[in-house]
Structure formats: structure tokens, C-alpha cells
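*Asks:* Our numbering applies: residue 993 is where the sequence shown begins, and numbers increase by one.
Fair warning: there could be bad hints in the mix.
Taking CB as the label site, the calculated pair distances span [claimed, not checked]: (1) 1037 x 998: 33 to 41 angstroms; (2) 1016 x 995: 40 to 48 angstroms; (3) 996 x 1036: 31 to 39 angstroms; (4) 1036 x 999: 16 to 24 angstroms; (5) 1003 x 1035: 33 to 41 angstroms; (6) 1036 x 1000: 33 to 41 angstroms.
Derived from the structure by calculation, the hints contain no laboratory data. Backbone N, C-alpha and C define an ideal beta-carbon position, used for all residues, glycine too.
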Amino acid sequence: MPERFAGTVNAPDFPPDAEWLNAARLLSLADLRGNLVLLDFWTFC
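Please put together the full structure from these sequences, using the hints given.
*Replies:* So this is what it looks like as C-alpha cells:
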């Protein structure tokens, strides 16, 4: 059985210069708390 992390790890807030699609203003993690959030990470190689 894999070991579990005993503590809590909080995600850092988004950088202030982050680019958002379909958002009227910059968002923070506090703005998104309690909502389902899908993060899509992609890159061109």
C-alpha cells in the first residue's frame, strides 16, 4: 500500500500576471473555493 502524506499541502495562488480565458477579471483560489475547477495543462513540443 502506498504511503500517504500525513500533512496538508496548500496550492499556491495564481500569479498576478496569469492569463485567463472567458473570465472578466483575474481570479484567485479563494474566488474558486467550493466550485468544480478543471485545469488543463498543455504545451507544444
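*Asks:* Compare the structure with each hint and give your call.
*Replies:* Right, here's what the structure says about each hint:
Range check, residue 1037 to residue 998: Cβ separation about 37 angstroms, and the 33 to 41 angstroms hint holds. In this structure, residue 1016 and residue 995 meet the distance hint of 40 to 48 angstroms, their C-beta atoms being roughly 43 angstroms apart. Under the hint 31 to 39 angstroms, the C-beta atoms of residue 996 and residue 1036, about 36 angstroms apart, fit the expected range. Residue 1036 and residue 999 have their C-beta atoms about 36 angstroms apart, which leaves the hinted 16 to 24 angstroms range violated.
A C-beta distance of roughly 20 angstroms is found between residue 1003 and residue 1035, which places it outside the suggested range of 33 to 41 angstroms. Against the hinted window of 33 to 41 angstroms, the Cβ-Cβ separation of residue 1036 and residue 1000 comes to about 35 angstroms, which satisfies the hint.
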